[in-house]
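S.K.: First to last, the sequence lines map onto chains A and B.
Reading the first sequence from the start, the letters are residues 193 to 457 in my numbering.
Reading the second sequence from the start, the letters are residues 30 to 296 in my numbering.
One or more hints might be untrue.
As the list claims (entries may be wrong) - Derived, one-sided and incomplete: chain A residues facing chain B with beta-carbon distance under 7 Å: (1) Leu242; (2) Val276; (3) Thr296; (4) Arg298.
Because the hints were derived from the structure by calculation, they are not lab data.
Please read all numbers here as calculations on a predicted model, not as lab measurements.
Idealized CB from N, CA, C, for every residue including glycine.
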Amino acid sequence: MPIISIRDLVVEYDGRRVLDGLSLDIEHGETMVLLGGSGSGKSTLLRQILGLERPKAGSVFVKGVDISRSSAAELKKVRRSIGVAFQSAALFNSLSVEDNVALTLREHTKLAPSIIELMVWMKLAVVGLAEFGKLHPQELSGGMKKRAAVARALALSPEILVLDEPSAGLDPIVAADLDELIVLLKEVFQVTVIVVTHELPSAFRIADRIAMLYKGSFRAVGTKDEIRGSQDPRVRQFLDRIPDEMAKAPAVAAYFGKYLQAQEA
Amino acid sequence: MANVLEEVGKSTLDHLDYVGSVNIQWWTTLRAMGNALPFVGNRYRWKESVRQMLQIGVDALPMVSLMAICTGFILAMQGASELRRFGAINYVIDLVAVGFTRELGPLLTAIAVSGRSGSAFAAEIGTMKVTEELDSLRVMALEPIEFVLAPKYLAALITVPCLSIVSNVCGILAGGLFMFFSTHLSPMLYMHEVFESIQLRDVITGLIKSVAFATIIAQVSCLEGFRVRGGPDSVGRSTTSAVVKSTFLVIVSDAVFTAIFYFTVKH
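Okay, chain B solo, but in the shape it has when bound (with noise of 0.2 Å):
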């Protein structure tokens, strides 16, 4: 007994210290982040926000797209095929358009950053701190944050709400397309519905969520990076880590702000 109680206090204080490494490092990195923003901070620095922008938004185009595609049509045909029986098919409109918009657009671009990015930057940051360039990066008086994860934040902050915004567009034409085959709904018609169905705050939210999204991918995986121990083997470990800590922890917070909006926004 005393054993297992050892061993939930144990795991219980390195939850804590994991909460509580991630909520410093992301002060760190804000009180950091005005070296890396365009005009008025370090502009060594802003390059490298750009790159990790193409890194983390360009790149990541093509697959954001098409799994949003994949998932409208996936969206669309379940709902029709209830709704069908109804005679309410036209509501797969309001569905596909709602559900991305408020849902499916963030959370799927934050599932494939996660696995993309999230990954890479565990992968990169473990790898310096194995080749001791993360010591190198102090010694020369730069903070490894400052210098190698505000850059990384900064692109994840502008770039995921960017590829929601792509993946809510690709998801709703994909339901256009599903549609025009399905009941040959003009596809005119078709966008006038989805923008009579979508309201600001839907898109105001799915910002939202991408935002928190970012913040949750960028310092999770940047913190398995910073925190592997010994020679690359540990290096894999992080990467695991980061990619299932990040999705993991993207999901919970979307439930939770799912949650505070369906409670807090008058219907």
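In isolation and in its complexed conformation, chain A is listed as follows (with noise of 0.2 Å):
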């Protein structure tokens, strides 16, 4: 039975379809990429993985709890076994990072202050971070951010890990750093991995399946291999990064004509 389910996902914002009839399963211990371009609906997607909104229609089931129906208290039970780092990482300003990492462990735990200082001490050397506790999330490098944020993701030592643009804003090196932290901890912790991102080589280095969205529509779900000799012309437009039409030169040529003659006339 996959740990996550989606059926027939329908979202809109507004009488504005984003996502239209989505289904996917996602499988114990794999790495999901859930691929697309700005605006695919792939954020959007996320935050019904993670209950913080209803849908139209369908259903997310989550550890089998239809997490789309569920009642606030079934929904914060599922929720302890997600893990999640955001995309500007979401750390609090005025708790110190250590502090950042114990809080969910303080809340949810009846442990020792003493064991609670430990766990946070492992989940912090795990991520790079073991010297850093004591600095303020404001005082870290965006790269550091992330990884703090993937330390806090994994306070209560999750199944579902999930990952919102982990590598965006980051430079090259730092985000290979990052891809392989990812990979690491999958191997460490045998977690559930869901990534959302539009970085192809991080995509292609973490990933077990690739689901590439666009326009709220799955195009294509896959193994990396699969995604890769896909012919599915939107997959190869985003593989080989091929402008829309309207970004081409003679569109846009055209554009400036009309433009210089509504101007003349």
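Both chains are given apart, each in its own frame, so use the hints to dock them into the complex.
M.R.: Here is the structure:
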């Protein structure tokens, strides 16, 4: 049985359809990358998987619980098995890095402070930030913030790790470091990893399977090789970095020609 | 005509929605308050409540005191300029003492707290929303109202009445200074007259008001923060809105409370 099962998911904002009947199964222990361009609906899909929004139609099952219809208590229970690192890291600036990581342990467990301290140190050590626990988020670099967010996501040893655009805004070396960290975490902790990204090198490094989103629908779902070999025009356009018609030189020239004609008239 | 009716209807529904949201949020906060309490609650939340108390209460002391002293002087001088004509300057003592205890102490404090802390609540929560920190709390199975609002509300409930008492004392002392310089009335005699004119019910009604004002400021300001949509510019708008709405509602509720106390308490 898949750990996450999405069935005929439809999401609309003000009558505008953002996700159009998506279905997808994510198996235990696999790394699923949700790939797509800006506005393709991947962040919306992520919010549905986290139960942050309710769909117009369809269901999202996480560990067998339909979180699109579950009660608040059921949703809380499911969420304790999900660790999330947001795109902006979303660390609490008023707390130190170690307090950020310790937060869920203090709130959801009855562990002694010394045990929590040890666990926090271990999680920070895993992401290479053991020496930076006393710092506040605003004192960290972009890459360190993302690592701290991953450490916080790992605090309760979740079964599912969700990473939203982990390498966005990072230089290629830091981004590659983070990719290796994700691969390592999956091997060490045996977690199911869901990564939302539009970075192709990152996606092909970490993914077991890739789901390619375009305008709210899946254009292709498959292994890295299957996606690489896809002949779907939108998948090829994304992989081969081909601009849309509007961005092509003749289209731009025609637009400016019309503009100049209008000015002369 | 249809457009006007449509606008009126929409505006009415929006206001009802707002009132409903504040009430639901208030009820949810009350249910979540247990964890913010000392000894029985979560000790990390209690620490946050104490931090909020320092910010709302201790940091506001100089401002509230100065506002009360200035207002005390103003009230005494304005009262004296009229009462002197009737040879009743001693009634300035009653005016300042009763005026501050029942009315001005809680109201001035509420206006100061609304400007200082109400705006800070809205800005903090609005920024947390924009930077996905509220979503982050939710996915960690923590409720933002319980985690962010409850400590603020508890702190406001404790500090606003305390600040009101400080404001009362400062205003009354300012009146005493004025009486000393203008009529050479001794401070001891002034204080004796003050205690003669104030009754316990004046203090209690003032404190009831300050608890209501704390509720309005905390709930309205935090709701404005939670309703932030979009980017940083909307945080600025929510901050302004928090101060304007909470100050307005504090004054309206003050009028309602004063009317209730006037018509229900036997004089």
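S.K.: Against which earlier hints does the structure fall short, listed by number upward?
M.R.: No hint contradicted; all consistent.
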